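Peer 1: Next come the chains, spelled out residue by residue.
There are 2 protein chains.
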Amino acid sequence: MHTKMQTPWEYRYSQRTQRMKASAIRELLKVTEQPDMISFGGGFPAPDVFPVEEFKKACNYVLEHKGAEVLQYGGTDGYVPLREMILRHAINLGINVDIGNILITSGSQQALDLLGKIFINRGDRILVESPTYLGALQAWNAYGAEYITVPVDEYGMITEKLEAALRIGPKFIYVLPNFQNPTGTTLSLERRKKLIHLADRYGVPIVEDDPYGQLRYEGESMPAVELLDSQMRVQNGTYTGNVIYLSTFSKILAPGLRLAWVIAPHGVISKLALAKQGCDLHTSTFNQIVAHEVGQHGFIDRHITVIQKVYRERRNAMLDSLEEHMPEGVKWTRPHGGLFLWVTLPEQFDTTEMLPEVIQEKVAYVPGEFFHPDGSGKNTMRLNFSFCSPERINEGIARLGRAFKKKIA
Amino acid sequence: MHTKMQTPWEYRYSQRTQRMKASAIRELLKVTEQPDMISFGGGFPAPDVFPVEEFKKACNYVLEHKGAEVLQYGGTDGYVPLREMILRHAINLGINVDIGNILITSGSQQALDLLGKIFINRGDRILVESPTYLGALQAWNAYGAEYITVPVDEYGMITEKLEAALRIGPKFIYVLPNFQNPTGTTLSLERRKKLIHLADRYGVPIVEDDPYGQLRYEGESMPAVELLDSQMRVQNGTYTGNVIYLSTFSKILAPGLRLAWVIAPHGVISKLALAKQGCDLHTSTFNQIVAHEVGQHGFIDRHITVIQKVYRERRNAMLDSLEEHMPEGVKWTRPHGGLFLWVTLPEQFDTTEMLPEVIQEKVAYVPGEFFHPDGSGKNTMRLNFSFCSPERINEGIARLGRAFKKKIA
Numbered sequence: 229m230h231t232k233m234q235t236p237w238e239y240r241y242s243q244r245t246q247r248m249k250a251s252a253i254r255e256l257l258k259v260t261e262q263p264d265m266i267s268f269g270g271g272f273p274a275p276d277v278f279p280v281e282e283f284k285k286a287c288n289y290v291l292e293h294k295g296a297e298v299l300q301y302g303g304t305d306g307y308v309p310l311r312e313m314i315l316r317h318a319i320n321l322g323i324n325v326d327i328g329n330i331l332i333t334s335g336s337q338q339a340l341d342l343l344g345k346i347f348i349n350r351g352d353r354i355l356v357e358s359p360t361y362l363g364a365l366q367a368w369n370a371y372g373a374e375y376i377t378v379p380v381d382e383y384g385m386i387t388e389k390l391e392a393a394l395r396i397g398p399k400f401i402y403v404l405p406n407f408q409n410p411t412g413t414t415l416s417l418e419r420r421k422k423l424i425h426l427a428d429r430y431g432v433p434i435v436e437d438d439p440y441g442q443l444r445y446e447g448e449s450m451p452a453v454e455l456l457d458s459q460m461r462v463q464n465g466t467y468t469g470n471v472i473y474l475s476t477f478s479k480i481l482a483p484g485l486r487l488a489w490v491i492a493p494h495g496v497i498s499k500l501a502l503a504k505q506g507c508d509l510h511t512s513t514f515n516q517i518v519a520h521e522v523g524q525h526g527f528i529d530r531h532i533t534v535i536q537k538v539y540r541e542r543r544n545a546m547l548d549s550l551e552e553h554m555p556e557g558v559k560w561t562r563p564h565g566g567l568f569l570w571v572t573l574p575e576q577f578d579t580t581e582m583l584p585e586v587i588q589e590k591v592a593y594v595p596g597e598f599f600h601p602d603g604s605g606k607n608t609m610r611l612n613f614s615f616c617s618p619e620r621i622n623e624g625i626a627r628l629g630r631a632f633k634k635k636i637a
Numbered sequence: 229m230h231t232k233m234q235t236p237w238e239y240r241y242s243q244r245t246q247r248m249k250a251s252a253i254r255e256l257l258k259v260t261e262q263p264d265m266i267s268f269g270g271g272f273p274a275p276d277v278f279p280v281e282e283f284k285k286a287c288n289y290v291l292e293h294k295g296a297e298v299l300q301y302g303g304t305d306g307y308v309p310l311r312e313m314i315l316r317h318a319i320n321l322g323i324n325v326d327i328g329n330i331l332i333t334s335g336s337q338q339a340l341d342l343l344g345k346i347f348i349n350r351g352d353r354i355l356v357e358s359p360t361y362l363g364a365l366q367a368w369n370a371y372g373a374e375y376i377t378v379p380v381d382e383y384g385m386i387t388e389k390l391e392a393a394l395r396i397g398p399k400f401i402y403v404l405p406n407f408q409n410p411t412g413t414t415l416s417l418e419r420r421k422k423l424i425h426l427a428d429r430y431g432v433p434i435v436e437d438d439p440y441g442q443l444r445y446e447g448e449s450m451p452a453v454e455l456l457d458s459q460m461r462v463q464n465g466t467y468t469g470n471v472i473y474l475s476t477f478s479k480i481l482a483p484g485l486r487l488a489w490v491i492a493p494h495g496v497i498s499k500l501a502l503a504k505q506g507c508d509l510h511t512s513t514f515n516q517i518v519a520h521e522v523g524q525h526g527f528i529d530r531h532i533t534v535i536q537k538v539y540r541e542r543r544n545a546m547l548d549s550l551e552e553h554m555p556e557g558v559k560w561t562r563p564h565g566g567l568f569l570w571v572t573l574p575e576q577f578d579t580t581e582m583l584p585e586v587i588q589e590k591v592a593y594v595p596g597e598f599f600h601p602d603g604s605g606k607n608t609m610r611l612n613f614s615f616c617s618p619e620r621i622n623e624g625i626a627r628l629g630r631a632f633k634k635k636i637a
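Line order of the protein sequences matches chains U and W. Under the working numbering, think of the first position of the first sequence as 229, with each following residue one higher. Under the working numbering, think of the first position of the second sequence as 229, with each following residue one higher.
In short, the hints are calculated from the structure, not lab data. Among these hints, one or two may not hold up.
For identical chains, the list gives no copy identity; a pair is met inside one copy or between any two copies.
Under the rule of at most 30 Å between Cα atoms (straight-line distance), these lysine-lysine pairs were calculated in the DSSO-like manner [unchecked claim]:
1) Lys294 to Lys537
2) Lys294 to Lys635
3) Lys294 to Lys284
4) Lys590 to Lys294
5) Lys294 to Lys258
Computed from a predicted structure; not experimentally measured.
Go ahead and model the full structure; you've got the sequences and the hints to work with.
Peer 2: Here it is, written out as structure tokens:
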């Protein structure tokens, strides 16, 4: 046998592995874990609002009464009572679906990966907002997706530019209509209808990603794209929608559970479940049963009002601080909900280049270019306002303002 | 807008979706959830041995003291103290690795999927035992894998036939050396060495799947293929092995947690983590911290002796019942550990064809052909002995014996 053997693994990676690039931004943001750092980089919920006591009660109850079930293997589709709970919520919103339209996933990131797996052939084009959610690009890059972009303004995706993009022939449209990640903007009702209308005309389906829809701090709730679409489509009592809807327990309960769901036509749910079986068999039975126990008697609705109060205060703190500390020429969005706002600096700035210096000042953000599949948006950045207390938000924005002013000077 | 719209989803599935077939066997086995059914079909641990009290204590403790951490997002690589616990175990076994060699996955099924993602191009050949684990085939079919098979006898993969298979040029070798799923057989020490030697000569790496290694009910422990391989390969203190090792908490703690791990060279772990980030961001923080809390003070080692006692009794019950109830011409393996044994009927039998009739008798198994990538093994079946009590095992095997005798008559 040889004495100096090399592992041959490195010569054996698949073609798709070449397309999976280490996220430079995640490397940069690793330093933000230092305790004196004020990070607006992540998308973390406030730990202050985690319902720890309810989880404790639920864990004790389900282990006491369902120990053999919660620790055992479960079905790929998900825990039936949890799916029924989601179903009731969907039906309350007016969406005409049944339990066969609902799949539990291990976080929304898994739903994005499964969608890539069942829909994307290498070279397929996906129509996305620009900027759009980083994690979707990361999931779909591995399947060789290419992107067609439609820009976003303060009312969400600019649907006037949608038709030209649809003619290029995307596989599907990916949209975050409520308090979009990263910009915080919300798609107007008129544009929702226009989106549905155009998608239908060109025969292109829609993936609606809605992690924050219930986290609204001002203004009126907007109907989901899926709801508007489904109102036109129920035939013989069966939902045959043109929309795949994603949402999650990460922002309304706790991200540590990795629990999310998909609502889609029966045929799509079957394919997703089949793909999921090969990916992780099923989502943790324990977490599903605990989440159902915590959520079943209306707790989540009550808890959301607590989250709204806390996050509204933090959003306001960030908007006030920006007003106070930002130099002339800096603009930002004023989101009505969600976790993020979007800052645009004067054209000559490059937020990726600036980040290491800014981190020296013990504050961090995510540079905007990472949310643009075409690498544009170099003078933009995403700020998270859910994770830090109002005091730390004030201090962090002051630090950011000082760093920008230094740069201008 | 049209009044009769069709959802276009079904025309948009990816090529790989065509290769993901609904598992006929899972459909068949759904009926085995009826309470009067005795199922030897699944691979379920005995719920009787789930350490429910320890989980209750651990949940209370970690929610009380680490509530903000356990419910929050975590790193993709996994919870550091849990990886350190796995590391200590590996080092105790003599494997020279560090924490950068360890990745937490959402069950071993996810590890199989991630391996497919980073290594398998469509048409790549994977060398597998015949029969082999169903879930690996399911994971890799989605990536367009083809298979080269090497048969198994009572000492595991027949390594005399390995060299000819290696010349075909497999991407990697997949092997379950201990109490193999489905046959229950264990790869002999001599064959382990032969496997490592030939894999090295042909430059082909090995994936060692070891979910049951610690569940031995008789005989001496066998060194892991990874250990034997690594003893030859440590250079300048860095592990540069030719083996990727998979194991899981599903069989030694609880499958409902979906917690498993991979030990591999640093470069491979980086690629797997990158792929995992796009698949589900990370494995549930809550479950990782709870498992660490339950496992950290040697509990798992103590618990394994409890499991061994219960499963040894059940294996013995099944072997005794087979002796008593099986007609002439039926053969079976005598596993020294694990969850399964393998039954071979006379040539003319077709266990898939027989299953619906057998289910009428309120007993079930998994037909052997599903574990054969080439569709052979029609007269074989897998029986699980971990899930049912000895009394139900006796009754179930008696039913099976009656069904077979009827078939012969």
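Peer 1: If the cut is 30 Å between Cα atoms, do Lys294 and Lys258 qualify within a copy, between copies, both or neither?
Peer 2: Between copies only: 21 Å across, 39 Å inside.
Peer 1: Is the C-alpha distance from Lys294 to Lys635 at most 30 Å within one copy, between copies, in both cases, or in neither?
Peer 2: neither (60 Å within a copy, 40 Å between copies)
Peer 1: How would you label the pair Lys294, Lys284 (within, between, both, or neither) given a Cα cut-off of 30 Å?
Peer 2: both (15 Å within a copy, 12 Å between copies)
Peer 1: Regarding Lys590 and Lys294, is the shortest C-alpha distance of 30 Å or less found within a copy, between copies, in both, or in neither?
Peer 2: Classified as between; 25 Å across copies, 47 Å inside a copy.
Peer 1: Using 30 Å as the alpha carbon limit, work out where Lys294 and Lys537 are close: within a copy, between copies, both or neither.
Peer 2: Answer is between: at 24 Å across copies they meet the 30 Å cutoff, but 35 Å inside does not.
The structure does not agree with numbered hint 2 stated previously, though it agrees with all others.
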